[in-house]
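Asker: Listed below are the residues making up each chain.
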Amino acid sequence: MIEIAALSSFLLSAVGLAVPIALAALGEMVSERAGVINIGLEGSVIWGALGGALGALAAGPWAGLGTGALCGGATALLFALFAVRLDTDQIITGTAITLGSLGFTGVVFQGRFGATGLALELPTVPVWEIPLLAGLPVLGPALFEQAATAWVALLLAPALGWFLFRTRWGLALRAAGESTVAARAAGERVVRIRILAAVFGGCLAGLAGAHLSLVHTGTFAEGMSAGKGFIAIAVVVLGRWRPWGVLAAALFFGCAEALQFALQAVDADLPYPLFLALPYVLSLAALAGWFGRSRAPAALGGASGG
Amino acid sequence: MTPPSLSAALRRWPLLRPATALLATAAVTAALLALGGHHPGAVFATLIRGAFGTWDRFLSGTLLRATPLLLTGLAVAVAFRARVLNIGAEGQLHAGALAGVAVAVLLPGATGLVLLPATLLAAALAGALWAAVPAAMKTAMGVGEVITTLLMNFVALYLAQFLVQGPLQEARGVFNQTDEIPAAAHLPPLFPGTRLHLGFLIGLGLAFALWLYLTRTPGGFRMRAVGASVRAAEVSGRFRALPVIWMTFLASGIVAGLAGWIQVAGVTRRMYEGLSPGWGYTAIAVALLARLHPLWVIPAAILFGALSAGGGAMQREAGVPEVWVRGIEALVILAVLAVDQTARARADGGGRD
Chain A
1 MIEIAALSSF LLSAVGLAVP IALAALGEMV SERAGVINIG LEGSVIWGAL GGALGALAAG
61 PWAGLGTGAL CGGATALLFA LFAVRLDTDQ IITGTAITLG SLGFTGVVFQ GRFGATGLAL
121 ELPTVPVWEI PLLAGLPVLG PALFEQAATA WVALLLAPAL GWFLFRTRWG LALRAAGEST
181 VAARAAGERV VRIRILAAVF GGCLAGLAGA HLSLVHTGTF AEGMSAGKGF IAIAVVVLGR
241 WRPWGVLAAA LFFGCAEALQ FALQAVDADL PYPLFLALPY VLSLAALAGW FGRSRAPAAL
301 GGASGG
Chain B
307 MTPPSLSAAL RRWPLLRPAT ALLATAAVTA ALLALGGHHP GAVFATLIRG AFGTWDRFLS
367 GTLLRATPLL LTGLAVAVAF RARVLNIGAE GQLHAGALAG VAVAVLLPGA TGLVLLPATL
427 LAAALAGALW AAVPAAMKTA MGVGEVITTL LMNFVALYLA QFLVQGPLQE ARGVFNQTDE
487 IPAAAHLPPL FPGTRLHLGF LIGLGLAFAL WLYLTRTPGG FRMRAVGASV RAAEVSGRFR
547 ALPVIWMTFL ASGIVAGLAG WIQVAGVTRR MYEGLSPGWG YTAIAVALLA RLHPLWVIPA
607 AILFGALSAG GGAMQREAGV PEVWVRGIEA LVILAVLAVD QTARARADGG GRD
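Protein sequences appear in the order of chains A and B.
Under our numbering, residue 306 is the last one in the first sequence; the count climbs by one each step, no gaps.
Under our numbering, residue 659 is the last one in the second sequence; the count climbs by one each step, no gaps.
Warning: the hint list may mix true and false statements.
So, partial list: chain A residues that the calculated Cβ filter (under 10 angstroms) puts toward chain B [unchecked claim]:
(1) THR95
(2) THR98
(3) PHE109
Output of the computed footprint for chain B on chain A, the stretches with three or more beta carbons under 8 angstroms from beta carbons of chain B [stated by the list, open to error]:
(4) 82 to 88
(5) 233 to 246
Label pairs and their calculated CB-CB ranges [what the hints assert, rightly or not]:
(6) A:VAL266 x B:ALA446: 38 to 44 angstroms
(7) A:GLU178 x B:GLY580: 39 to 45 angstroms
(8) B:PRO605 x A:GLU178: 40 to 46 angstroms
(9) B:PRO414 x A:ALA63: 57 to 63 angstroms
(10) B:ARG318 x A:ARG189: 33 to 39 angstroms
(11) A:LEU263 x B:THR360: 46 to 52 angstroms
(12) B:GLY525 x A:LEU7: 53 to 59 angstroms
(13) A:GLY289 x B:PRO494: 44 to 50 angstroms
(14) A:LEU263 x B:GLU486: 26 to 32 angstroms
(15) A:ARG189 x B:PHE358: 47 to 53 angstroms
Because the hints were derived from the structure by calculation, they are not lab data.
By construction, the Cβ of each residue, glycine as well, lies at the ideal position given by its N, Cα and C atoms.
Can you build the whole structure from these sequences, using the hints too?
Answerer: What follows is the structure in structure tokens.
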């Protein structure tokens with residue numbers, strides 16, 4: 001019985017940890033499908049966390065999720081104005097956005113709450129416990145004791161799959177990611193598509209950030225995105241640019257993180273950092289083709305001709 | 307959008323571009339500072355005093371902090387020159403620091419004559435090894451280096467975390483850090499009484515060496531040719547690009563690996579989690595501001611070192627949070643990018659849709 005309880009709580013924590021990664025990664029997947037690799041995603045996550053915190057203080061946790069998503073989207077818009085509209089190098093621009101976001105969120109946070117380091121207490125988004133189902137053994141809590149953001153991530157996967165592969169707009173978006181020349185010849189407005197895709201990705205990353213501050217911790221701390229945006233980029237690779245793959249890969253990263261916490265609690269001598277490194281090594285292996293063919297969109301990172 | 311005279315001027319005198327970018331950064335920063343309720347002039351004055359006010363502040367603050375940025379900046383500049391987008395300097399730096407520390411701790415009785423070259427060599431090899439994985443994936447499998455170098459950063463960070471709390475943890479076993487390296491492995495201070503160490507001179511030497519290599523040797527020419535266009539280089543230059551790309555990765559990894567160990571041997575004396583506050587990423591800003599020119603990396607790194615050193619003074623003396631500096635670094639990158647695009651827009655004849 002103890003083992004089942006431990007497994008159940010491990011899965012609960014794994015799914016919870018996977019949610020922000022899944023949200024950000026699904027957003028980045030859309031962006032990369034349109035040919036935009038947004039290394040500034042980390043910036044969207046941290047602005048989402050701060051924007052979510054400020055929104056929640058002003059108008060409650062649900063409004064916080066909204067302001068978080070908006071802040072993440074605005075960050076991505078700034079990125080896209082440079083990297084797509086001005087056609088600056090996507091990687092360098094993204095690096096600047098991440099650096100700047102980590103800096104300026106600190107500036108805003110310290111300006112608003114002082115540099116004293118007092119822990120901020122935020123109203124949190126409630127966890128929805130689905131009656132009966134949450135009581136199921138092992139998987140019950142993991143699946144049915146999560147906040148609304150988890151459902152967003154879960155529903156987004158099929159929705160994005162339908163959008164990307166079954167609609168005309170999805171086709172246009174993927175065309176912009178495979179060949180700007182061909183997409184333009186077919187009459188698609190590559191610059192507009194790419195900006196919208198990047199902003200959509202930023203909104204989801206912002207929501208991921210708001211999840212960190214309003215669901216996961218109930219507080220904001222400088223740098224609390226802690227590489228989630230970068231992890232999301234790895235997750236997209238491991239998920240092979242497909243919605244369900246990305247969701248599964250995010251869950252895998254969530255498990256690795258939860259395993260680390262669990263092992264730390266059991267025995268501090270276990271080499272838990274190696275478990276944290278494992279998903280990255282597997283992402284590299286996925287890129288090297290160890291799990292079958294994995295190919296990035298052909299025009300990923302390339303000029304937009306803005 | 308921009309007056310043609312400005313873009314023409316930027317095109318004719320490339321040196322105007324970093325100057326314009328820095329001016330734009332200063333203007334935006336001043337506006338943001340004013341928005342945040344600070345007095346921009348007073349803040350800038352404090353920052354400059356903090357970075358250059360006394361010899362000690364300049365040597366033990368600015369130049370000391372410029373050293374890892376100089377080395378990682380060179381690593382990035384060399385790579386980007388051949389259009390190898392190595393954003394893995396951070397990981398290569400950690401690999402170098404770990405290898406150097408491992409050698410220093412494992413050879414405790416060795417003299418400086420053995421230890422200094424042995425540790426530097428180990429750091430260089432580890433950095434090269436860390437860069438070799440993305441290099442192999444790019445050259446053999448056609449996998450772009452941006453994502454792979456980024457992933458390798460995290461592998462290095464967690465490997466470092468594992469080693470400093472496991473096999474390489476200090477003998478006392480209290481903190482997650484290595485034992486202090488033997489004195490024979492220290493990089494000596496350049497001037498008695500200051501903290502600036504030999505590593506800065508190594509950085510200067512590498513800048514000159516890389517500049518000579520890039521501009522005065524066939525190998526450097528090939529690197530630049532590959533950076534301009536792989537296909538054109540192979541067709542007109544009649545050489546294969548793959549070995550050049552390999553060389554670039556390795557050279558970049560070696561320099562970044564040295565950066566990590568030099569920081570340990572010159573400053574921290576031990577390895578711990580979070581050795582680098584992200585130098586491998588700031589290095590991109592440094593290299594870009596230097597227009598990927600090894601010699602210009604020197605003033606660019608000093609500028610960023612000054613920002614970092616001055617940021618502390620800014621916080622202590624003007625009450626402006628030090629995190630501003632990170633934001634300013636990002637503004638520098640965006641300004642350089644925007645200025646370059648302004649210059650290029652007209653050069654293209656505006657023929658793009």
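Asker: Decide, hint by hint, whether the structure agrees.
Answerer: Structure-based check of all given hints:
no. : hint                                    : result
1   : THR95                                   : 5 angstroms, holds
2   : THR98                                   : 8 angstroms, holds
3   : PHE109                                  : 9 angstroms, holds
4   : 82 to 88                                : holds (count 4)
5   : 233 to 246                              : holds (count 3)
6   : A:VAL266 x B:ALA446: 38 to 44 angstroms : 41 angstroms, holds
7   : A:GLU178 x B:GLY580: 39 to 45 angstroms : 40 angstroms, holds
8   : B:PRO605 x A:GLU178: 40 to 46 angstroms : 42 angstroms, holds
9   : B:PRO414 x A:ALA63: 57 to 63 angstroms  : 60 angstroms, holds
10  : B:ARG318 x A:ARG189: 33 to 39 angstroms : 34 angstroms, holds
11  : A:LEU263 x B:THR360: 46 to 52 angstroms : 50 angstroms, holds
12  : B:GLY525 x A:LEU7: 53 to 59 angstroms   : 57 angstroms, holds
13  : A:GLY289 x B:PRO494: 44 to 50 angstroms : 48 angstroms, holds
14  : A:LEU263 x B:GLU486: 26 to 32 angstroms : 29 angstroms, holds
15  : A:ARG189 x B:PHE358: 47 to 53 angstroms : 50 angstroms, holds
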